[in-house]
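Student: The task is simple: from the sequences and hints, build the whole structure.
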Amino acid sequence: MASKPDFPPVRCCLFDVDGLLINSEDIYSDITNIILHEYGRPDLPWSIKAQLQGRPKPEAGRIFQEWAQLPISDEEFQKRNAELQMERFKHCKPLPGVVQLLENLRRSTSGDSGRKVHMAVATSSHLNMFTVKTSSDETKPLFASNVFPPSQIVCGDDPRVPKGRGKPLPDIYLTALETVNQAIEASGSGEPPVKPEECLVFEDAVPGCEAGRRAGCRVIWCPHPGLLGEYRGREKEVLAGATGAHKQKDLENAGASRFEDSPGHVGAIDDGWAELLHSLEDFDYEKYGIKVVALLN
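One point on numbering: in this note's numbering, the residue at position 91 of the sequence shown is 91, and numbering is uninterrupted.
Honestly, the hints are just simulated from the structure, not real lab data.
Be careful, since some hints might not be right.
Computed cross-link-like contacts, BS3-like style, restricted to lysine-lysine with a CA-CA straight-line distance of at most 30 Å [unchecked claim]:
1) Lys116 to Lys291
2) Lys116 to Lys93
3) Lys291 to Lys93
Cβ pair distances, simulated, as ranges [unchecked claim]:
4) His91 to Ser145: 18 to 28 Å
5) Asp284 to Asp30: 25 to 35 Å
6) Arg258 to Lys57: 20 to 30 Å
7) Leu84 to Glu138: 11 to 21 Å
Since we're looking at a predicted model, the values are computed, not measured.
All C-beta atoms in this analysis are idealised placements derived from N, C-alpha and C, irrespective of residue type, glycine included.
Tutor: Written out as structure tokens, the structure is:
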């Protein structure tokens, strides 16, 4: 068992979106099953869905098509998929605990510094779909500028993320952290830059956990019950970012990164850098050195 280090207070929280903050993963499943049923195919099982979560769209599409074997071209599938997504994603909702968590973090401070806890988004969703998913009356307030400044929302097609280096590589989380530090510098507050070990990544997907660990951040893994069932008995491997699902040769073939030492390293079993939560309602602020400022009556 690895020794557990003494961690500094968390100064920055970095968030995935799909299946973590909003219920879009369940909507993805519903949409996929509609198309599968149109061609007499069974529902998408979690054994396949688990491989799709958190991956860049081209890679996820390849895995899905190899399993589904639909009698239509990928272009036809994507067209039908996009039609359904444009309609269904307009009705996304926050997942349990999300509204309170983001509100608490928005008015929180880190340790004894009195400085605010910074927040940023790092989602594999492309900007157009992210915009649709966050357009409902219930999801729009989650991503308001006083929660996530627009410059601190990093999507899968963001030009600041090197091409071909989506999750499980760390670049999208390192880019999100970079946007936070740029905002700190621009503020002229004299606040030092946030280091990766002062960041807490919130993820529901296994590739996302690995990306967070490779970025050198602490990680909260809050998976869908269906995904958790697929990794029953391997939870500690997920928390270490060491499931082996993403082969080293694939990481090496991803292309160059502009971040020094990327792709970084996965963790060790029981090293204390990651935690499993069944709901964001269970998040322990004190454990991470976060102080929630009480609302004035």
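Student: Each hint: holds or not?
Tutor: Going down the list of hints, with the structure as the test:
1. Restraint check for Lys116 and Lys291: satisfied, since their Cα atoms lie roughly 9 Å apart, inside the 30 Å limit.
2. For the proposed pair Lys116 and Lys93, the alpha carbon gap of about 27 Å is at most 30 Å, so the pair holds.
3. Straight-line distance between C-alpha atoms of Lys291 and Lys93 comes to about 27 Å, which keeps the hinted pair within the 30 Å bound.
4. The hinted window of 18 to 28 Å between His91 and Ser145 holds, with their beta carbons roughly 23 Å apart.
5. As the Cβ distance of Asp284 to Asp30 is approximately 33 Å, the hint placing it in 25 to 35 Å holds.
6. Between Arg258 and Lys57 the C-beta distance comes to about 22 Å, which sits within the given range of 20 to 30 Å.
7. Between Leu84 and Glu138 the CB atoms are about 20 Å apart, so this pair conforms to the stated range of 11 to 21 Å.
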